[in-house]
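Can you make the complete structure from the sequences, with help from the hints?
2 protein chains.
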Amino acid sequence: MTAKLYCFGESGNAYKAALTLTLAQMEWVPVFVDFFNGETRQPPFRALNEMGEVPVLVDGDTVLTQSAVIQDYVSSKTGKLGGRSAAERREVLRWMFWDNHKLSGQVGATRFLMNFLPPEKRPAEVIAFQQGRLKATYTVLNDHLASRDWMVGDQVSLADTACCGYLFYPEPFGFDRKDWPHVDRWLDRIAALPGWQPPYDMMPGNPSDRA
Amino acid sequence: MTAKLYCFGESGNAYKAALTLTLAQMEWVPVFVDFFNGETRQPPFRALNEMGEVPVLVDGDTVLTQSAVIQDYVSSKTGKLGGRSAAERREVLRWMFWDNHKLSGQVGATRFLMNFLPPEKRPAEVIAFQQGRLKATYTVLNDHLASRDWMVGDQVSLADTACCGYLFYPEPFGFDRKDWPHVDRWLDRIAALPGWQPPYDMMPGNPSDRA
Numbered sequence: 001m002t003a004k005l006y007c008f009g010e011s012g013n014a015y016k017a018a019l020t021l022t023l024a025q026m027e028w029v030p031v032f033v034d035f036f037n038g039e040t041r042q043p044p045f046r047a048l049n050e051m052g053e054v055p056v057l058v059d060g061d062t063v064l065t066q067s068a069v070i071q072d073y074v075s076s077k078t079g080k081l082g083g084r085s086a087a088e089r090r091e092v093l094r095w096m097f098w099d100n101h102k103l104s105g106q107v108g109a110t111r112f113l114m115n116f117l118p119p120e121k122r123p124a125e126v127i128a129f130q131q132g133r134l135k136a137t138y139t140v141l142n143d144h145l146a147s148r149d150w151m152v153g154d155q156v157s158l159a160d161t162a163c164c165g166y167l168f169y170p171e172p173f174g175f176d177r178k179d180w181p182h183v184d185r186w187l188d189r190i191a192a193l194p195g196w197q198p199p200y201d202m203m204p205g206n207p208s209d210r211a
Numbered sequence: 001m002t003a004k005l006y007c008f009g010e011s012g013n014a015y016k017a018a019l020t021l022t023l024a025q026m027e028w029v030p031v032f033v034d035f036f037n038g039e040t041r042q043p044p045f046r047a048l049n050e051m052g053e054v055p056v057l058v059d060g061d062t063v064l065t066q067s068a069v070i071q072d073y074v075s076s077k078t079g080k081l082g083g084r085s086a087a088e089r090r091e092v093l094r095w096m097f098w099d100n101h102k103l104s105g106q107v108g109a110t111r112f113l114m115n116f117l118p119p120e121k122r123p124a125e126v127i128a129f130q131q132g133r134l135k136a137t138y139t140v141l142n143d144h145l146a147s148r149d150w151m152v153g154d155q156v157s158l159a160d161t162a163c164c165g166y167l168f169y170p171e172p173f174g175f176d177r178k179d180w181p182h183v184d185r186w187l188d189r190i191a192a193l194p195g196w197q198p199p200y201d202m203m204p205g206n207p208s209d210r211a
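Chains as they are written, first to last, in the UniProt record's numbering: chain A, 1 to 211; chain B, 1 to 211.
What the hints contain is simulated information worked out from the structure, not anything from laboratory work.
Be a bit skeptical, because a hint or two may be false.
Intra- or inter-copy, both count: the list cannot distinguish identical chains.
To be verified - In silico lysine-lysine, DSBU-like type, Cα no more than 35 Å apart, as pairs:
1. Lys121 <-> Lys77
2. Lys121 <-> Lys80
3. Lys135 <-> Lys80
4. Lys135 <-> Lys121
5. Lys80 <-> Lys4
6. Lys121 <-> Lys178
7. Lys135 <-> Lys178
8. Lys80 <-> Lys178
Since the model is a prediction, treat every value here as computed from it, not as a measurement.
Rendered as structure tokens:
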């Protein structure tokens with residue numbers, strides 16, 4: 001049975017789930033959610049996820065939301081990407097929470113404000129503030145990767161597919177790979193994994209649809 | 001052996017860990033971290049946690065950071081607060097990630113800007129923006145609690161000790177319990193649990209130290 005991932009191309013949180021499903025070699029198909037026309041605010045979608053967010057994974061009778069919970073489920077089901085020991089699994093979880101709190105949580109909002117709001121509605125002070133906070137976040141990530149190939153242990157894990165989620169997008173949000181060389185090389189390593197695709201190739205919907 | 005929790009009173013993320021340790025009846029003592037004088041930016045603290053954040057739990061040889069990872073560890077060790085089944089555990093994890101991403105991640109920053117920055121440095125546009133986003137978050141929480149006593153299942157869990165973390169603080173951050181009646185009653189239920197204390201009673205350090 002093929003799992004369904006409710007998603008749209010612009011969502012870095014959905015991309016984390018899509019990339020995890022792909023690297024774990026689970027069969028899945030995307031189901032397009034028309035976020036930009038308000039689908040996630042409507043009752044049918046709210047019945048699927050009261051949080052009103054993508055991604056949502058439907059795998060048989062199992063319905064899951066929150067990218068990290070989907071990642072955890074895929075890893076449990078396939079035995080892949082979860083770390084080799086209890087200590088590694090805890091370290092993977094640690095970086096997944098850090099990502100949600102400090103990295104994706106802030107990048108997602110900043111990129112949205114800078115790219116997907118009409119130009120006259122973009123709040124300059126908010127964007128500048130968030131970009132400032134994100135510099136501290138990128139520094140933690142870059143320093144962590146200075147002496148290692150992967151976020152945890154010696155192979156790719158959910159910590160990598162979480163933290164990279166927003167960093168492969170082409171829209172500007174104040175992050176330039178050249179400024180963060182260890183992050184840059186780590187993203188190249190991820191992009192070299194079998195099956196990897198950039199977000200807009202892996203999921204339906206992208207900014208040119210609305211141009 | 002008594003676990004040590006590196007913390008300070010103002011940190012809602014540390015409070016989540018402190019409250020979880022207390023409700024799970026694990027023995028612990030607080031170790032004060034002088035965040036407001038820059039201790040978390042100094043090399044000794046960075047050696048303990050490269051993320052430069054509290055809380056940090058030291059339990060024998062185990063050193064853990066990220067409040068949710070500490071919560072998960074305490075639950076695994078004591079068998080408490082984790083949910084009764086695999087489905088409940090996944091639901092607990094889902095709300096913990098939602099909390100980190102949408103609730104605590106935003107409340108923490110907003111409360112900091114409104115209370116712990118000098119008045120002339122408080123960015124009004126950023127605060128207004130974050131308070132607007134938080135209204136959607138409080139709505140999800142209040143709606144979820146409309147028909148239930150606890151976040152997951154029929155007893156208190158890590159989902160409760162995560163989501164309530166910042167909501168017991170007295171400083172203003174745009175959240176008034178009266179506006180969210182289901183959240184209000186849920187906070188009363190948590191406060192009635194044996195051992196519960198408000199943040200500034202449970203951990204050392206509070207704003208009056210700096211007054």
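Each hint, compared with the structure:
1. Lys121 <-> Lys77: Cα proximity of Lys121 and Lys77: none, with 43 Å in one copy and 49 Å across.
2. Lys121 <-> Lys80: neither (43 Å within a copy, 47 Å between copies)
3. Lys135 <-> Lys80: Close inside one copy (32 Å), not across copies (38 Å); limit 35 Å.
4. Lys135 <-> Lys121: both (24 Å within a copy, 19 Å between copies)
5. Lys80 <-> Lys4: Intra 19 Å, inter 33 Å, cutoff 35 Å: intra and inter.
6. Lys121 <-> Lys178: both (29 Å within a copy, 32 Å between copies)
7. Lys135 <-> Lys178: within (14 Å within a copy, 37 Å between copies)
8. Lys80 <-> Lys178: Classified as within: same-chain Cα gap 31 Å, cross-chain 46 Å, threshold 35 Å.
In summary, the numbered hints that this structure violates are 1, 2.
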